[in-house]
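In the order they appear, the protein sequences are chains A and B. Using the numbering used here, the first residue of the first sequence is number 2, and each one after it goes up by one. Using the numbering used here, the first residue of the second sequence is number 17, and each one after it goes up by one.
Think of the hints as simulated: they come from the structure by calculation, not from any bench. None of these values were measured; they are calculated from a predicted model. Treat the hints with care, since some could be wrong.
[What the hints assert, rightly or not] List of simulated lysine to aspartate or glutamate pairs, DMTMM-like, C-alpha gap at most 25 Å:
no. : chain 1 : residue 1 : chain 2 : residue 2
1   : A       : Lys-131   : B       : Glu-278
2   : A       : Lys-97    : B       : Glu-278
3   : A       : Lys-222   : B       : Asp-139
4   : A       : Lys-130   : A       : Asp-113
5   : A       : Lys-315   : A       : Glu-154
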Amino acid sequence: MGGLSGLGAQIGKWVVAGAQAAADNLNAAKSGSTFSLIAEDTQWAPQKGVESFNKLSNVDHVNFILSGGSSVMEATAPLATQSKTVMFNTGAQSAKMAGISPFVFSVLQLSDFDTGVLARYAFKDLGYKKIATLYVNNDTGVPNQTSFSKAFEAAGGQIVAAEAFKPNETSYGVQLAKIRAAQPDAIYLVGTPAELPFAARQARQMAPNLPLLSFAGIESKEFLDAAGAAANGIIYTTTAYDPHSDAQNVKDFVAAYKAKNNGEVPTSPYAGYGYDAMMIAAAALKQTKKFPGVTGDNVFRDDGTVAKAVAIRKIDGDHFTTIAVIQP
Amino acid sequence: MLFAQLLANGIFVGSVYALLGLSFATIFASTKIWHFAQGAVYTLGGYALLVGTGFLHLPFVLSIVIAMVVCAALGIASMQFLYAPLRRRGATSLVMVMASLGVMIISDNLLLLYFGPSGFSIDVAGPEPIIVGGVFLTGGQFLTPFVALVVVAIYIALLFKTTFGQHLRALIDNEELLLRNGIDTARVKLLAFASGSALLPIALALLVMSGAGISPNVGVSATLIGAMAMFLGGIDTIPGAALAGLLLGIVESLAAFLFATEWQTAVTYALALVFLMLRPTGLLGRSLPRASL
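Whole structure, please, built from the sequences with the hints as guidance.
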């Protein structure tokens, strides 16, 4: 279950498409179990999430649930505990996901680790001493902004402006005016696919000399298409997932994904999280403890979180170039 | 310096809000219909602009004109195929509101299905950024107030100098009087829908010039802003909505001078609420609002 309509629908659709690719591969392998998906639209809203959870758990009697969105996860985790339903977190990066329920397993790095990697890289390697943050005031923006700011200040840097914008905002002039006035060395930008490209475009217009840093949600063809030249040079961190990898499991994933999505390459790691969650569930049926995934090896800690390598990347034209891979 | 920069930004967004206010007020003041589907018309106008510029590679200005024609046609269609049949069947104003909201939701979801949730951008070759007295303005931000001023001036001149404008203003005051004088008020209302809707792509195009995107959800906030500008301006005066839109943009932008940006909307609408409590007729309103849900 995930946001499949309205704001942020793109992320939900990536996860569902990735999970579908996994189901297709598992069914083709004829491992003994048949996997099928039921997709419920939460619109990333807690109430909708609870309704979706209850339907999937009580009416459809599913074996496990893939979910995301920090507020949806917080609302549904107690239900997972009560009903003993295994739930995979494929989209919520809030640090609150650690230990949220013994039945919840995060297949993506929480924001505190990869934003920490970026914050230290920005301070030590790029030499930025003052950074301004520009973030969407929701489940995506606030946790990333908070953890990045903490890590950057812990590294010795200073956050000189923290400017929020509403979900689906179209004009960022006020925020960028305040950021310009604060004279930072760079801007850390977090948003959903509905805002990110346009925030980046306007940042390039209003602060043409300021470098942009961002987060995993930026890595998609959709972002490159909508942001155009404004995307060039943005540095960000993401799970060390590469859809062009030669690893066999990645090749299998990309092939299955392309088959169902008009030949489109799954550039977003969220598709990989959906795929990995399904594969982990299938492997768990065989009592395995280490789950090699397309987004890295999954070894779960006691609090349900996972440690994965983080890649620092830069957008060069229409390519995502890896600068460094940081192991957990 | 920050104050001046925020004021400049306020004038930029306020100029766009002025057009939205003018559009909303033209339709509501003359027809007393809560045309929330205007958000859908705004969004569809944006996609018409996108198809013209991005897919057909037409010049930006020509695409705006085409989008204006599309929006005018959609405005007329809203009246002809939605509100007029509902009114003939004796639908209450509340039913019309619900129908209007329904059209907006359906339209947004169809756009979502066809174009996907990610937004689109349009590259527009505009003037280079300029710095005036330390205030940085992008080409789009610099140009927008002038374009909006010209559009508002022409629009208000048409309202006061043409027969249609006179009929429209008379319709705001007393429809019965017009009918007794043999004026076809249904036709005047259609023209109100057409002219009000045609303003929308200009507002969106000015935002697009400054880096804003086109996505299925852009119409929701535009409708709220248009409605708020209309109330603040006074619901029986169309030019008042343009003035209120400009002020709304300036207040919204300057609110960020004193408060953190996440408080911007709350502060702006709280101030608007206080203003309406003190002056329910709005800035230029002449009488107490007669319309009701």
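Hint-by-hint comparison with the structure:
Proximity of A/Lys-131 to B/Glu-278 is assessed by CA-CA distance (about 21 Å); at most 25 Å being required, the pair is judged to hold. For a cut-off of 25 Å, the pair hint linking A/Lys-97 to B/Glu-278 stands: about 22 Å separates their Cα positions. Only pairs whose Cα atoms come within 25 Å are accepted, and A/Lys-222 paired with B/Asp-139 is accepted, the gap being roughly 17 Å. The suggested pairing of A/Lys-130 with A/Asp-113 holds, with an alpha-carbon distance near 20 Å, which does not exceed 25 Å.
Taken as a hint, the A/Lys-315 and A/Glu-154 pair is honoured in the structure, with Cα atoms around 23 Å apart against an allowance of 25 Å.
In this structure, none of the earlier numbered hints is contradicted; all agree with it.
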